[in-house]
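Residue strings, one per chain:
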Amino acid sequence: MFKIIKYSFYDLMRSRWSYIYFAFYLLLGFVLLFLNNSVSKAVITLMNVIIVLTPLIGTIFGVMFYYNSREFTELLLAQPLKRSTIFVGQYFGLAISLSLSLAFGLGIPFIVYGAFESSVIWNFSLLILVGVFLSFIFVALAFNIALSNENRIKGFGIAILMWLLLAVIYDGAFLISLMVFDDYPLDKFSLITSMLNPIDLSRILILLKLDISALLGYTGAVFQQFFGTSLGIISSLIVLSLWVVFPILRIVYKSKKKDF
Amino acid sequence: MINIKKLNKKFGKVEVLKDLDLAITKGGIFAILGPNGSGKTTLIKSILGMVIPDSGDILLNGKSVLKKWDYRNKITYLPQIANFPGNLTVIELIEMIKNLRNCATTENELIDLFGMRSFLDKKLVNLSGGTKQKVNLILTFMFDSELIILDEPTSGLDPVALIHLKKIFQTEKDKGKTILITTHIMSLVEEISDEIVFLLDGKIYFKGTVQALKTQTNQTNIEHAIAHLLTEENV
Amino acid sequence: MSIEIMRIFIFIINLFFSFSLFAKQIDVCSSCDVKSLKIAIELAKSGDNILLKKGLYNESNIVITKSLTITGENDPIIDGGGLTYIFQVKADSVTISGLNLQNVQTSYSQDLAAIHISRSKYFIISNNTFTNIFFAILVEKSNHGEIFNNTISSSGTHEHNTGNGIHLWHCNNVVVHGNNIKGMRDGIYFEFVSKSKVYNNHSEKNLRYGLHFMFSNENEYYDNTFTNNGAGVAVMFSKYVKIYGNKFDKNWGTASYGLLLKEIYDAEIIDNLFIENTIGINAEGCTRINYKNNTFKGNGWAVKIAGACYLNKFSKNNFISNAFNLSYSGRMNENEFNSNFWDDYSGYDLDKDGIGDVAYRPVKLFSYIVNKTPETIVLLRSLFVDIINFSEKVSPVFTPDDLLDNTPLMKQIK
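Protein sequence lines, in the order shown, are assigned to chains D, C and P.
Each residue of the first sequence is one higher than the one before, counting from 1 in this note's numbering.
Each residue of the second sequence is one higher than the one before, counting from 1 in this note's numbering.
Each residue of the third sequence is one higher than the one before, counting from 1 in this note's numbering.
A hint or two may mislead.
Taking lysine-lysine pairs in the DSSO-like style, the calculated list, with each CA pair at most 30 Å apart, reads [unchecked claim]: (1) LYS154/D with LYS10/C; (2) LYS123/C with LYS82/D; (3) LYS393/P with LYS41/D; (4) LYS247/P with LYS195/P; (5) LYS74/C with LYS257/D; (6) LYS41/D with LYS411/P; (7) LYS18/C with LYS258/D; (8) LYS257/D with LYS18/C.
Label-pair restraints from in silico Cβ distances [claimed, not checked]: (9) VAL358/P with ILE192/D: 40 to 46 Å; (10) GLU95/C with ARG70/D: 17 to 23 Å; (11) SER148/D with GLU15/C: 20 to 26 Å; (12) LYS3/D with VAL397/P: 54 to 60 Å; (13) LYS258/D with VAL397/P: 47 to 53 Å; (14) TYR113/D with ASP402/P: 38 to 44 Å.
No wet-lab data here; the hints were simulated from the structure.
If you're wondering where the values come from, they're calculated on a predicted model, not measured in any experiment.
For glycine and all other residues, C-beta sits at the position ideal for the given N, C-alpha and C.
This is chain D alone, in the form it adopts within the complex (with noise of 0.2 Å):
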C-alpha cells in the first residue's frame, strides 16, 4: 500500500496542478496575511475560502485523477497487488497530495507572518485540520462516483453535483425548512442536520472557535453547549472522520467486486 501511495504522491507532485493549487493557497495566505492588518479576519476570509474550494477541489481532482490514471490502474492490477491496496493507495496518494498543498500552501505565510500567539495558532491548526477533513472526505466520495460510472462525463457530472449538494442544496433546504417550521423548538433539529453536513460541520467548527460563538449562542444555547465542550468537538471529529471511513470502505467492497 505505502509504494502506490508514494507513487500516486510523486506522480501527483510532478503535475502542474498541484502546484497550481499550492501556489494559489501560498498567494492567497500571503494577500490574506498581509493585506489585512487583523489576523482573525484573515483567518475568517481564509474560512470561507476552505469551506467552499477543498470539498471543490478534492471532488474535481478526485474524479479526474481516477479518470486519467486509468490505465495505470489496469496496469497495477496485473500486478501481485490487492486491489483495495491498489484504489486506497491511489485515494490517499491523491488525498495527502491536496492535503499538503493546503497545509503548506497556507502554512508558509502564517510561518513567515510570524502570529505565534496561541490562539491564533489554535484557531489556524483547526482551519488546516478542517481543510485536510474535507479533502479526504471529498477525494473519497469523488472515488466513489467514479468507480460506479464508467461513463466518464456522467461521473464528473455527478460528482459536480455532490458537490453542490453538500455545499449549496442542503444549505437551502435546511434554511427553508428552518423558515418553514419556525413555530416548533428546532435547536436538535439544526444540531442534527449540521452535524450530518461535512460542509455545515467543518464551518460551525470554525465558527465557534472564532468569536462568533456568541452569536450561534443568540438563538438558544444548544450550540454553544454542544460545540463548546470537549465532547462536542470529539463527536465532530469523529462525524468528519466516519465521513472518511465509510466511503474509503465502499471503495474497497466496489473495488473488489467491479470488472476492469
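Fit chains C and P to the known structure of chain D by using the hints.
Frame of chain D; chains C and P shown alone:
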C-alpha cells in the same frame, strides 16, 4: 498448469462467457482467437483477476486464483493499450514495476534489444505509440514468470522490433513457459503458436494445433480455416 | 446613672469644642480619645472634619445629620457586619472619602447600601473602596453631588441578590467619574436623574448592565469603559443625552448589547467604540439620534434597528469585521446613512475623491432572515447564504430598497 472450469460471466444482459472450460497442461504458445466480442479479453482478464466471473473456477497449478492476488507473481501481462502515468519517465516506470514485484529482472538486455537506452529519461507522455509498446514489452518480459499473457503484442511495432519479439517468444517457450496471445495477425499465429484456442460466443469452439485446425476444416490457409469455423457455426 | 454621666461628659466636651470658631478635626483611632466614628459624629458640629485612622471599626447604621467631612487615613475599614446600612447621610455638604466599607448583607425587602444619601445637597463620595456589599452608593432625591474615584466590587452570582454599584434616583446635577465598578447587578444606575455627568468610569463584569439609565434627561456620558457586562449597557426613555468617547466591548452573551437604546430622543452618540459585542447598538423606538464617528468592530450585529426608529442619522462611522453591519425589521426606512466606512463595500472610486461611486446596501438578506427566524444563524457564512445575499444585493426584494449609503467612504476614518 491452467484449469478453467465452467466459467460464466455476464455484462449486463450479455453473456460473454458461457460455462467455459479450458485446460492448458503444458508449456508452449497458445493463440486465443475469436471474432470481436467472443470473450477473448474477458477470458484473459478473468485469469488475471481483473474481471470477476459470476461462477466457475480458475485453477493455477491446482489452486483456485479467484479473490487471490499473490498468484499474479507468476503471471506477467501485456495490456492492449499501453497508457502509462504521463508524469513518469521510462526508467522510473520500470523501477516502479520492479519495486512493486520485488524479484529478479532482465530489463537491461531488453532495453538494449529494443534500442530504448536513449528514451529512458523521457516522460512517457511524450513517447509515440510504438515506443510505448516497446516499454510495454520490456515491462512484460523483464520478469521470469511461468505464465505470460499478451493482448495484441505486435500493435505499433516496427519490423525490427517484431523480429526481436518473435525471438523472445522462442526463448521463453524453450524455457518451458506458457504464453497466451490474442492477436488478429494470422501469420503470426501460424508462425509461432503451438495450439489455437478458438472462442465463439463465450465458449471454446476449437482447441488444437494449427495443423489439426486445417485438417478439421479441410483448408490449407489458416484464415480460411477460421472463416470456415465461423460459417460452420452459421449453418 | 452612667448614661446620665456620659451625657454630661459629652455636653462638657461639646461646650469645650464650641469655644473654637473654626472647623475642628476629630481624630478617631483605637488609641485616640475618640475610638468610635459614631461618637465622633455625635461630638462633631456641622462643618467639622473627622479623621478616621487606620484600623477596623465594627460600626453600622451611622446616621449623619450634620455637614461633616469624614476622611480615612491609611484605609481604615468599616465593617457593617450585617443587615443594615453603614452610612445614612441626611444632611447637606457631607463628604465621605478614603474609607474601606465592607459587609452589607443582601436584603430582599430593603435596598441596603454602604452609603445611603437621601435628600441632601453638595455631597462628595470619593476614594472609597466597597467590598462585599449589597448596594454600594445609593442616592435619592439629592443633587449637586460628586461621586468619584471609588472602587466597588462584589462577587454577585445572581441578579436578584446583588445590588447596584452607584444607584441614583430622582437626582440632578450629580457628577460621577473615575469609579471602578465590578461584579454588581448594574454598575451605574440612574432613574429620574437629570443634568448629570458620568465620565471616566470603568464598569466591568456586572451581572446585568454596566450602565443603566431610565427617564434621565440632559445627561452626558463620556470616556467611560463598559466591558464584559452580562447584558451590556441599557438606556431607556430619556431625552437630550450625549454619549461620546465611550468604549463598549466584549459584551458577549446570548442577550448582550454594547448599547441598548429604547425610546431615546434627540441624543448624540459620537466617537464611541463598539468592539466585540453580540449586538453593538440595538435601537428601538429612537428618534432624532445622531450617530457619528463611532467605530463598530468585530460585533455580531453592529447596529440593529428593531423598529419605530425615525429621523436618525448615521454618518462617518466605521463598520469593520462585523458579522452583520445592519439589521432592520420591516421594509420601511426612515433613517439616513451617509458617508460611513463599510469594510465589505466592494464598489470602486474612479474619481479618487475617497467616496465610492456606487451606493452601498448595509442590510443583507441573511440578516433579514435571521431577524425573522433566529435559528437560521447556524448557516452564517455558508455558500448558500453568500449566494442569496448577492442576489438580494443585485435586486432587493425583502430589504428596504431605499436603505442606501450613497456616499460610502473608501477608507476607514481614523
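Status of the hints after comparison with the structure:
| no. | hint | in the structure |
| --- | --- | --- |
| 1 | LYS154/D with LYS10/C | holds, 23 Å |
| 2 | LYS123/C with LYS82/D | holds, 27 Å |
| 3 | LYS393/P with LYS41/D | holds, 22 Å |
| 4 | LYS247/P with LYS195/P | holds, 22 Å |
| 5 | LYS74/C with LYS257/D | holds, 23 Å |
| 6 | LYS41/D with LYS411/P | holds, 17 Å |
| 7 | LYS18/C with LYS258/D | holds, 19 Å |
| 8 | LYS257/D with LYS18/C | holds, 19 Å |
| 9 | VAL358/P with ILE192/D: 40 to 46 Å | holds, 42 Å |
| 10 | GLU95/C with ARG70/D: 17 to 23 Å | holds, 22 Å |
| 11 | SER148/D with GLU15/C: 20 to 26 Å | holds, 23 Å |
| 12 | LYS3/D with VAL397/P: 54 to 60 Å | holds, 58 Å |
| 13 | LYS258/D with VAL397/P: 47 to 53 Å | holds, 49 Å |
| 14 | TYR113/D with ASP402/P: 38 to 44 Å | holds, 43 Å |
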